[in-house]
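**Q** Kindly generate the complete structure, drawing on both the sequences and the hints.
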Amino acid sequence: MGPHPAVAAIRLAVRRVLHDLLTEHHRVPVAVSHAPAHEHPPNSRLRSSREVPPPPPLVLVACSGGADSMALASALAFESPKLGIRAGGITVDHGLQPGSDARAAEVVQRLRELGLDPVDSVAVTVGRTGGPEAAARDARYAALDTAAERHGAAAVLLGHTRDDQAETVLLGLARGSGIRSLSGMAAVSGAGGRYRRPFLELDRQTARKACMVQSLPVWDDPHNADPAYTRSRLRHEGLPALEKALGKGVVEALARTAQLSRDDADALDSWASQAEATVRDAAGLLECAKLYALPPAVRRRVLRRAAIEAGAPAGSLFARHIEEIDRLITGWRGQGAINLPGKVVARRQGGRLVIRQG
Numbered sequence: 005m006g007p008h009p010a011v012a013a014i015r016l017a018v019r020r021v022l023h024d025l026l027t028e029h030h031r032v033p034v035a036v037s038h039a040p041a042h043e044h045p046p047n048s049r050l051r052s053s054r055e056v057p058p059p060p061p062l063v064l065v066a067c068s069g070g071a072d073s074m075a076l077a078s079a080l081a082f083e084s085p086k087l088g089i090r091a092g093g094i095t096v097d098h099g100l101q102p103g104s105d106a107r108a109a110e111v112v113q114r115l116r117e118l119g120l121d122p123v124d125s126v127a128v129t130v131g132r133t134g135g136p137e138a139a140a141r142d143a144r145y146a147a148l149d150t151a152a153e154r155h156g157a158a159a160v161l162l163g164h165t166r167d168d169q170a171e172t173v174l175l176g177l178a179r180g181s182g183i184r185s186l187s188g189m190a191a192v193s194g195a196g197g198r199y200r201r202p203f204l205e206l207d208r209q210t211a212r213k214a215c216m217v218q219s220l221p222v223w224d225d226p227h228n229a230d231p232a233y234t235r236s237r238l239r240h241e242g243l244p245a246l247e248k249a250l251g252k253g254v255v256e257a258l259a260r261t262a263q264l265s266r267d268d269a270d271a272l273d274s275w276a277s278q279a280e281a282t283v284r285d286a287a288g289l290l291e292c293a294k295l296y297a298l299p300p301a302v303r304r305r306v307l308r309r310a311a312i313e314a315g316a317p318a319g320s321l322f323a324r325h326i327e328e329i330d331r332l333i334t335g336w337r338g339q340g341a342i343n344l345p346g347k348v349v350a351r352r353q354g355g356r357l358v359i360r361q362g
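Using my numbering, the first residue of the sequence shown is number 5, and each one after it goes up by one.
Source of the hints: derived by calculation from the structure; they are not laboratory data.
Keep in mind that this is a model prediction, so the values were computed, not measured.
From the three backbone atoms N, C-alpha and C, an ideal C-beta is built for every residue, glycine too.
Keep in mind that a hint or two might mislead.
Straight-line C-alpha distance at most 25 Å; calculated SDA-like pairs for lysine to any residue [stated by the list, open to error]: (1) K86 - H240; (2) K347 - R337; (3) K213 - H240; (4) K248 - R352; (5) K294 - T282; (6) K294 - R352.
What follows is a list of derived Cβ distance ranges for each label pair [to be verified]: (7) A318 - G354: 25 to 35 Å; (8) P9 - A146: 35 to 45 Å; (9) D273 - S320: 18 to 28 Å; (10) G180 - R360: 23 to 33 Å; (11) T282 - Q113: 15 to 25 Å; (12) G156 - D225: 28 to 38 Å; (13) D285 - K86: 56 to 66 Å; (14) A109 - P9: 29 to 39 Å; (15) E256 - R20: 18 to 28 Å.
**A** This is the structure:
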C-alpha cells in the first residue's frame, strides 16, 4: 500500500524540483588533472584532464514550523537520499513574538529528527521600511541568502502553496501595479535561481493533511490570523467572500491567472530588452520619437529599466512614477523634470530623455 495521497503529492512535487536541480548541477563538470601539481604553473591550462561529476549539491528548506514548510521539510528528507542530494534546513527567528527563540529551537530539533543536516536557526532584526509584512520578508530573505552562501547551497526550498499564490495575485491587483504584479510568485526566483517553490500547484489543505497523517507537529503562527495584517485579512475575509460570491474555484483561477500573466510579462520584458538598443542614439541617450513609436507596454518597461539603471530602487519605483516619465514622451507640454526614488531625475532635453541621479 502506497503513502497517503497528500503525502504522495508533496513528495512528487519535491522530487520534480530535485530532479531539475540535479540536471542543472551536472551541467558543470569538474576538470581533474592527471599531472602532478608542480607541472602546472599558476593560471595555466591543465595539460591533461578528465571531467568528473561535481560533488552532490546541498538543498536547504526554509521552515517556520508551520504546516506548509514542515510538509516540505518531510518531503525533502524523504526524497533527497534517493537522489544522492544533501539536505539541510534553516529557520528564521524574526523576534516579533514572545518566546520566538524557543520556537525556533523546537523547529531546529524537528528538522534534525527528520534527518536534515546542516540545520540552522538565524535571528534577525525586522525594520520598518515598507510596513511590517514587507520588512519581515526583507529580513527573512536576507537571512536565507546569507545561510545559502555560507553553506554553499544549490537551492533553498520555500513552502508557498497555491493559496499563497492566489493571495499574492489579489494583493498585486489591489496595488494596481500592472501585469507583473498579477504574475505572483515564480516557481524559480532569486540570484541564480536560488529559491524554488515546489508547492505552487498544491493547496494549503494538502500540506496540512500530509503533516497530520505523518504525525508531524506544526505551529500555527498567530500573525496569520491577526487582522492587523493585510494578508491575514485577505486570507480569512477577502478570499472566503469571493468564493461565497463567485463559487468555488477562485483560488485555482487566480493561480492560473498568475501563470498566464507571468508568461505574458516575461515575453514583454524580452521584447523591451531587445527594443531598448533600438531607441538610443550614438551617445546612449533615449530618443523620444523612437520611444513614442513603441507599444505602451514595451515603452514603459524600457523606461522602468532606464530608471533602475540610473539608481532608482526597484522596490520603490511604482506605476505612477513610470506614468509620469511616460508623459514626457506621449504628453509633452514643456513640463519640468520628474523626481524619482533614489534621487533620480528624469527630464526631456532636445528630443532626448535624460534619466540620471541629481
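**Q** Does each hint hold? Answer for all of them.
**A** These are the hints, each one checked on the structure:
1. K86 - H240: violated, 39 Å
2. K347 - R337: Holds, at roughly 24 Å.
3. K213 - H240: holds, 19 Å
4. K248 - R352: With Cα atoms ~50 Å apart, K248 and R352 exceed 25 Å; violated.
5. K294 - T282: Holds, because 8 Å separates the two Cα atoms, which is no more than 25 Å.
6. K294 - R352: With Cα atoms ~14 Å apart, K294 and R352 stay inside 25 Å; holds.
7. A318 - G354: 25 to 35 Å: holds, 29 Å
8. P9 - A146: 35 to 45 Å: holds, 37 Å
9. D273 - S320: 18 to 28 Å: holds, 19 Å
10. G180 - R360: 23 to 33 Å: Hint holds: Cβ distance 28 Å, inside 23 to 33 Å.
11. T282 - Q113: 15 to 25 Å: Since T282 and Q113 have Cβ atoms about 58 Å apart, the given range 15 to 25 Å is violated.
12. G156 - D225: 28 to 38 Å: holds, 30 Å
13. D285 - K86: 56 to 66 Å: At roughly 57 Å between Cβ atoms, K86 and D285 fall inside 56 to 66 Å, so the hint holds.
14. A109 - P9: 29 to 39 Å: Because 33 Å falls inside the window, the suggested range holds.
15. E256 - R20: 18 to 28 Å: For R20 against E256, whose Cβ atoms are near 19 Å apart, the range 18 to 28 Å holds.
Against the hints set out earlier in the document, violations occur for numbers 1, 4 and 11.
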